Amino acid sequence: MSDPNIRNRKIEHIRIVVEKDVDFPNMCSEIYNEIILVHRAFPGIDLSDVDLSTRFLNYELSAPLMISGMTGGDPLTTKYNKKLAVLAEEFRIAIGVGSERSLLIHKDEPEIIRSYRVVREIAKDVPVIGNIGANTLLDLRNEDISYIISSIDADALAIHLNPAQEAIQPEGDTRFNVKILERIEEILDHICVPIIIKEVGNGLSYEDVSLFYSMGIRFFDIAGACGTNWILVEKYRRKDKITTTIADHLSSWGIPTPIAIIEARAAAPDSFIIASGGVYDGLRAIKNIVLGADLNGVARPLIREIYLRGLNAGKAFLETMIKEMKIVSFLTGAKSISELKKKPLILSSDMLSYLEQRGIDLREYKEIRGGIE
Amino acid sequence: MEEYKYPEIFVRDKNSNKYICRVSDEYVLVKEPVSNECYGHIIYEDILKYFDLANPILEKDAIVVPEFSDEKLLKGLFVKKGTKLCLIEISGYEPYVSPREGEKINVKDKIGMVITNKYEVRVIRSPCEGVVIFVINIVWEKPEKYILAVVSENDVGQITIRKSQGNHV
Ligand SMILES: Cc1cc2nc3c(=O)[nH]c(=O)nc-3n(C[C@H](O)[C@H](O)[C@H](O)COP(=O)(O)O)c2cc1C
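Sequence lines, in order, name chains A and B.
So for the first sequence, our numbering puts the first residue at 1; every next one is plus one.
So for the second sequence, our numbering puts the first residue at 1; every next one is plus one.
One or more of the hints may lead you astray.
Said to hold, decoys possible - As a list, the in silico PhoX-like pairs of lysine-lysine whose alpha-carbon atoms are at most 25 Å apart: (1) B:K104 / A:K179; (2) A:K179 / B:K5; (3) B:K118 / A:K366.
As the list claims (entries may be wrong) - So the derived label-pair ranges between C-beta atoms look like this: (4) B:K5 / A:K239: 31 to 37 Å; (5) B:E71 / A:E171: 43 to 49 Å; (6) A:C192 / B:D52: 46 to 52 Å; (7) B:V123 / A:H249: 34 to 40 Å.
By construction, these hints were calculated from the structure, which means they are not laboratory data.
Just so we're clear, the structure is a prediction, and the values are computed from it rather than from any experiment.
Heads up, the beta-carbon is just placed ideally off N, CA and C, and yes, glycines get one too.
This is chain A alone, in the form it adopts within the complex:
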């Protein structure tokens, strides 16, 4: 469990994510363009009627949005978490922290604790979500899990699945066997906040969601393959020829975000589904909601804005995104999230063929895409 490099890795990840082009090729623009929401020339509402507020983990959010878990674990990351928390609190959206594994490795170091804790201290009125890797659960005791939850007063714990990243990462931990399910079973018995099963950018499949759903989990962040691409991030960290070649070949590996939303919804009709992975604008965010997501997660653009241009740039990004979401909602004639979920949705023939081959019945999917209350 002692990994002295984990702190450096955090900083290195941020630097690469911010400075290099590490998004999926084309960022799924074709797929998103082919998902059509119907324009209403007569929306039947005023723009000012649109209210996108959403309930999530017993908090009322101003919009179906969260800042996905990214960082913490090194004193240098405190300033980023601080700014992200300011954004979350000011915009009243949810926020996650990055993997809390270093919190366990450096248990007595107040500066490390603070790098995470600062999020809860600032983001008092919104959900704060803890984070740990599924593979590391094999090394952790139930008390460790309680500790990472209580140290930030988390409202939920995200357990991330990142097999693609670990496989490419120089020091990767590629244990993703069924023992992890057993550990999660035990943890479910031990903790009192919900678990969110999340990917980090290669997408959750029907099969993945179904497994965890059958264990009683009702929160999923599908983190699809349209935004930050960890295979590319790790490629920049590892310069050897073999890894670079493999990383190039796998650079579009994964389930695109809109498809992962459908897969997850089909597997878990009454669950809360978070869509992250390339959700960098309001139009995509609204398309995701109509497809079946309950909330959108944004990671890379926010860390990028605050790292390169500061807090105000982060504010401008969110302001634009939320305004765009409202306008798109208005143009479909929906004044709320629940109305949006009932709006017509047109899918491309490629998408329909995909669904058919996956055994997902279009009619059934359309009936449950809004979730089951």
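Guided by the hints, dock chain B with the ligand onto chain A, whose structure is given.
Same frame as chain A, now just chain B with the ligand:
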């Protein structure tokens, strides 16, 4: 690289190409029988042939080596003919068993899971208490299954097996 370890079973008076024999107070691993108390190596799953399934008991004395390797000294578990077996069947699309040979389990302990063909997880709990002595994976049947044989702790003898020198196996 981690050394490869795997479980092996030896059955009393069985002909084989390697044996565990008792020589005075010692157990040795040899190529040919060297005493009148020898246990021949069998294919793991063949242990089923030595079960009386109707009234689950073991029909031959047997030795299980949970972690067979190149080490000079190996740990073995000895079970006598007539030992009562508590058998647990775990079957499904993707069955998975957590305890290994030699592990103690209690009633209601989680001992495995089955992933169904609909990708649902079922947790399996133990109906037996004791020491897991055999974990038999039956891959030739569909759905795939595991049979766990559990015996009372008092029925398991711990032995040490020495690899005989000059008679490598
Ligand atoms: C710098 C950075 C660090 C991240 N660290 C974590 C992490 O520790 N745990 C985790 O579950 N996801 C992590 N992620 C993944 C995000 O939470 C998110 O699921 C993913 O980046 C897709 O969103 P995006 O395309 O908006 O970046 C990280 C993302 C970034 C950009």
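Hint check results:
1. B:K104 / A:K179: This hinted pair holds, its Cα atoms lying about 18 Å apart.
2. A:K179 / B:K5: 19 Å, holds
3. B:K118 / A:K366: 21 Å, holds
4. B:K5 / A:K239: 31 to 37 Å: For K5 of chain B and K239 of chain A the Cβ distance comes to about 36 Å; the hint holds.
5. B:E71 / A:E171: 43 to 49 Å: Violated, since E71 of chain B and E171 of chain A (Cβ atoms, about 30 Å apart) do not stay within the stated range.
6. A:C192 / B:D52: 46 to 52 Å: 48 Å, holds
7. B:V123 / A:H249: 34 to 40 Å: 38 Å, holds
Of the hints listed earlier, the one the structure fails to meet is number 5.
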